[in-house]
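The lines below spell out each chain.
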Amino acid sequence: MRKIYRYAMAFMLMGASLCLQSCEDYFDLNENPNLVSSPPLRAMLSTATHKTGLNSQRVAATTSFFVQYVASPVAGNGTDTYQVTDYTSTWDALYLAMADIYDMKQKGIEEGASDYVGVANIMMSYHLSLVSDLWGDAPYSQAFDNSTLTPAFDSQQDLYAESLRLLDQGIAELNKTDSKVALSADNDLIHGGDKSKWIKTANAFKARLLNKISKQSSYNPAAVLTAVENSYQSNADDAEMKVFANRNPWAQIALNNQNLVLGGWLSRQLVNQLNGTTYGVVDPRLTRITDPTVTGTFVGTPNGTGNVGPANNTVRDEVYISRNSPLTGDLSPIIIASYAEMKFIEAEAAFRAGNRDRAYTAYLTGIRAHMDKLGVPPNERDAYLNNPAVAVGAANLTLALIFKEKYVVTYLNPEAWNDARRFDYQYAGFTLPVGADLPTFIRRVAYPQGESSKNPNTPNSPVLSDKLWWDR
Amino acid sequence: MKNTFTLIMLFLLTCWSTSVAAQQREVSGRVTAADTGTGMPGVSVAVKGTTTGVATDTDGNYQIRVPDNNAILVFRFLGYQTREVPVGGQSTINVSLATDAKQLGEVMVTAMGITREKKALGYAAQGVESQELVQHRQPNVLNAMQGKVAGAVISSTGGAPGQGTSIQIRGINSIDPTRPSQPLFVIDGVLMDNSTSTFGQSAELRGMSNRLADINPDDIESINVLKGGAATALYGLRGANGVVVITTKRGQQGALSVNFTSTAGIEEVNKFPDVQDKYTQGYRGVYDPASFWPSWGPTVEAARQIDPTHPAELYNHFRDAYETGNQFRNSLSVSGGNETITFLSSLSHLKHEGVLPFTDFENFSARLNTDVKLSEKFKTGANFNYSKSGGKRYNADRFNESLSYWSPRWDVRDFRKPDGTMQTYRNNNPIYGAATNQMEDDVNRFIGSVHFGYAPLKWLDLNYRVGVDSYTDDRTRTAPGPRGLAGEQVYEDNGQGFVYEYTTKFRSVNSTFVATANSSFGENFNATFRLGHELYDENINSFGVEGNELTVFDYFDLRNAKQLNARDDQSKYRLMGFFGEASVDYRNFLFLTLTGRNDITSTLREDNNSFFYPSASLSYVFSEHLDLPSFINQSKLRLSYAQIGKDAPRYSTSFGFSPYSGFPTGFTGFTRSALLGDVNLRPEFTDTYEAGLEMSFLDDRLGFDFTYYYSLSKDQIIPIDVAASTGYVRAAVNSGSMRNRGVEIILNATPVRSQDFSWDSKIIFSANRNKIVSIREGLEEIPYAAQFGYVGSTVTMKLIPGQPYGNIYGSHWQRYYGPGEEEDPLFLDKDRPIVIGANGFPVRAPLSSQKILGNSQPDWIGGFTNTFTYKNLSLTSLLDARVGHEKYNQMGNFFAAFGIAEYTEDREDFRVFEGVLADGTPNTKQVWLGQGMGPDGVDYGDGYYRRFFRGVSENFVEDASWVRLRSLTLSYNLPSRWFENNFIRSSSVSLTGNNLWLSTDFSGYDPENSSTPSGSNVDGFAGFTYPAVRSYLFTLNVGF
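Just so you know, the sequences run in chain order A and B.
Quick note on full-length UniProt numbering: the first sequence kicks off at 1 and runs consecutively.
Quick note on full-length UniProt numbering: the second sequence kicks off at 1 and runs consecutively.
Check before you lean on any hint, since a few could be wrong.
Said to hold, decoys possible - Per label pair, the in silico range of CB-to-CB distance:
1) B:N316 - A:V434: 35 to 43 Å
2) A:A161 - B:R483: 58 to 66 Å
3) A:Q106 - B:K562: 32 to 40 Å
4) B:T551 - A:A236: 28 to 36 Å
5) B:V912 - A:L331: 52 to 60 Å
6) A:D86 - B:K562: 31 to 39 Å
7) B:R507 - A:P326: 51 to 59 Å
The hints are simulated quantities; they were obtained by calculation from the structure and are not laboratory data.
Fair warning: this is a prediction, and the values are worked out from it, not measured in the lab.
Glycine is no exception: its CB is placed at the ideal position from the N, C-alpha and C atoms.
Chain A with its partners taken away, still in its complex shape:
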């Protein structure tokens, strides 16, 4: 039949200026010219590290309401008041990033590029934690691998265990010395191709995971401390991502707010902690985080109420995420995990292990490191560190103080919500948002419409006050 076609065509199209070497080739246009079948590993690394940084911010853009770093300018905002809100775009971004990480890992295995496999494992572990800490059970074992269009949901405990396993495997891969392809410094947007920093980051994530189960009997502070010790040694080690198409997404929120697309209003909870209202000491980081109001004061917005004025919500009589802050400027990096945070994990684990001196030292080191990172002048930094409300001495150190200080360090980081839940929101002055949809603090979010409408395996969402396994 094909032969007949060919002859017929050749005859009939004699005059036509068409290239007809072979009929079969002629209709074989299945290779999409907009796609490549096998991009180099480094080109997958740049995408994966970029998405990892952005996803950290994306999740924090939601959880920062729950921990009351920010408050909505609009009364009764869904996220702000614990309503069942659809976070499909966050879920999708996380899963599409995991698909890219998965593909990079598969290709890394194929090519014997252990460095890439290691980094993929670490980023995959981080994403699994982000997903599972928001929603609990989630697809993983059947996800991304083309095996099914409706992946099953794995239990949150299994995901936790897998996150840890991935970190250990990642460290093991990175410790190999025979990677066929070396990490590309230009394409590694988190650590610039520095394997040792990736190993530190793996340990930092491990410290977080091990510390996250502080409510569980299996909690092992010694293991946490080991992980901390193998993690960052200074601010220079921090896992950060600072490549943006336009600007840091927090800065974009701030810019939008300037342009009256309102958002990024700091919560009264955060502002009152920093401006001395709650603790009687003004934290010098306040002016490195935000700008004063038109009247020169620092006023936060209560969660749930929206604009409290006195002027209408377009007059700058409250404070916002600032483009002048080293954390949220146009060029500021997104901090995925930091040395300062590790110091607070150390403080907490040491405290829980009964080693108050180590805990206290870590507590002070953590504050100092964070202040340095924010560029607080030494005199202001030291004044704060020496303030009696802060320099309580090892004997008077409490978990509450550790959580209080860590709260500032994890500003706009998704890890803050894990801490808040572990700490049962016992921060001084922390109250339910006005008009909250739940009688108690929020503990999880509902499965997104995007997944539940297309994947019948999606469980029904429990009430949002229902605790995740490690929170019980």
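For chain A, the structure is supplied; the task is to place chain B on it using the hints.
Structure of chain B alone, referenced to chain A:
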């Protein structure tokens, strides 16, 4: 066909006239065609009531002897209206004949350019002739077809110059909402692109043209709409949504004929929303002339006491923001030829300025059609059309949204400061946006073809045509950056300034070969056999560079931008078909046509890419078979069945990695492609059945054409949205089926036909019913579109099995259900009382309950055309109706949120909402509708409209039915005696009004508009659209 007929007529008439006895007096004259002005050979001229008759010569001249002054001459020619002229004392009688679209003996151009007698067709086909197309002077040919074709829903997406128009024939037949449901367009045998490209940032909101806008309507001779499967079968899968066959004018043998048409007109917005004029700027009743809130302040009187500069009355900023538009089109055509060569050439220029400031469209078109008859056996010819179109497009969605934020306390027309920066009290000035934030497109297009016809034997005819449709579409998107002046307020969308350059190169080559053999066997049978081959080869290459942050604020050069992004998209498509057709007629009353086509497509993999599908149609002209009463003229019954195959959207079988677009310049990366391709995709098939009855009565003065159709598409190829946990956004699958069925009715009547006065009337009516029979197993619904509404009033369009396409789902007021009464999860029971909360306000049902609030597909459409002709004067009116459909009015949602709607003038009233409390007892609680502290001492916060009303989709999904006077045209043919002594051959003037009257309950702009670009299957949103226009046009036509 026509020529053969003419020759036969000539022959017969010549014989006839020689046998006639001597006459008393001689009358002579010339018969010309009304549309072209050329002489008509072979016209029958007879003396009424006698056997006397002659035929006109090759120039249209005749001489005939008449018995006396009372004689009446009858002029007849196939396809033209018959005219009777009393002789009186005249010795010279010149007559022009107008074409007659409804005459049953007419021929139609069917699939592949095959001309067939209409009576032989076993399926519905409807033609629109040149005269009907040009009478409204619509710049876009599709608009000219509105209200004239049964079964075709044709909608302007808005009133912008050059803005796209959509056409849907017999409903949506694909579950895939991204798959175009537009019919295939064929111009002079060449497949022609009619897509609407939305390539380029925000282009989807800028009313881009459907590419048919490139064609000069004055060039078109006729348009035939092939609707069902049997009609389109030979076109194969590309004709699955129907085919619009356009035939352009060709030269006639004879003297050179020159035709000049000039149209000039103005236009204005045909419908504005009602706005309140009582409350001014501010919030919670507090006046603030710099407030973001346009209309939640105090009354105008109260504000004037605070601020003496406050105008005495609010501006009507919606009316103020729009201007009077204008349009000019000049067309010139020259045609003529001799026995060997005929040609038609034309030039046309359109300049159109829209009602939205700084929007325009310009089109230049040049055409040359030639036919060469080298011998009786060999013919050839070529058509060339070059066009250039484009203009400044603005984002009407943004314009109207910004207008909604603009406070009517301020004059929106005062938009620019002397230093060139934006003039505003605070919010973005929409007119400044239109003036500075621009997109301009420039399309250079060439459509050309050459054809050869060779008839080596009497019964064999070979035809080959190769055509090309190619264009480049260049788009430039610019906005100036800040000038750095003191007090400058930057227009938000302009940011730091940008210049984006986009180019799309489109090229399709289309080659068609058809061999036709005629034979008769026995004395009763005639048969025609056709075999053909078609090839379609298309390349589309789009790329662009987006430069942001300009250094010199208004220097729109990519080298002046600090940051560059690249865009690139390529697509190739190839399709080849072999087809055959056999038609047999029995004694000229029974016609059977069988077709088959085999397609090979590049979008499916080798094992599945070749597939065959057949059709059969039968026409039974029972008026020529049965002995019917004499008042019944030609009448026939039609039956047809067809199967149509369809391939996959491009690259549905491939997967890989696409460039990651989240990076700034200097970084590259790849990411998994959004679509999971399936190498095993199979073609999908649609079965269509159609039956029809055509009858004509009383000397063809009354006629109807009734059609019923049914189609079922199975195994549809759809890129379903998949859960992100798969790592993909979409996956291509074969699944789901959809059904359409409907009726089409055409009624023709000539209530009056007398010597000087005639009245012709035509009604078209059609109704389509769609049902989604099934979607993919395991899926309950496929959402395919959503549009934002405040606080939970966002509406969604989704496919749910058992429901029709086009349903709009959204939030609704809670209705009362007593104990044991079950609430339907999909249908809203509006007869039930609304539940009122303890606070006295109506309760919105939980957002998880999304019910059907409307459907965007009309229950029925109708058109009613009347033409009154008195001597040289004629009046044509077209009433057009689309009834029984709903659209979401996003602008209405914003009007509620910002206190703009007229009904919000009751904001300081008390009301007891009608409804029942949760326990079923009637609500008696009185509440205040305003903001803040009410007179009753209760704090009402942001007030009823912002707290409750705006958050319920039900309030904004409105009945979008309309009836309109689509057009009214008065034209006058200047008496030919005025030009007897000069070179002007004929001349006419006409006045046209389009959209003169509109009746609708829709509260926004004209509900025919759509928020989505033309060609989109999403037609349920009509909020912030470019308003439709009412236009008044004057046209002069002169023939030389």
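Cross-check of the supplied hints:
N316 of chain B and V434 of chain A have their C-beta atoms about 39 Å apart, which keeps the hinted 35 to 43 Å range intact. At roughly 60 Å, the beta-carbon separation of A161 of chain A and R483 of chain B lies within the given 58 to 66 Å, and the hint holds. Taking the beta carbon of each, Q106 of chain A and K562 of chain B are about 38 Å apart, inside 32 to 40 Å as hinted. About 35 Å separates the C-beta atoms of T551 of chain B and A236 of chain A, a value consistent with the hinted range of 28 to 36 Å.
At about 58 Å, the beta-carbon gap between V912 of chain B and L331 of chain A stays in the expected band of 52 to 60 Å. As the Cβ distance of D86 of chain A to K562 of chain B is approximately 36 Å, the hint placing it in 31 to 39 Å holds. At roughly 53 Å, the beta carbons of R507 of chain B and P326 of chain A sit within the given window of 51 to 59 Å.
Of the numbered hints given earlier, the model fails none.
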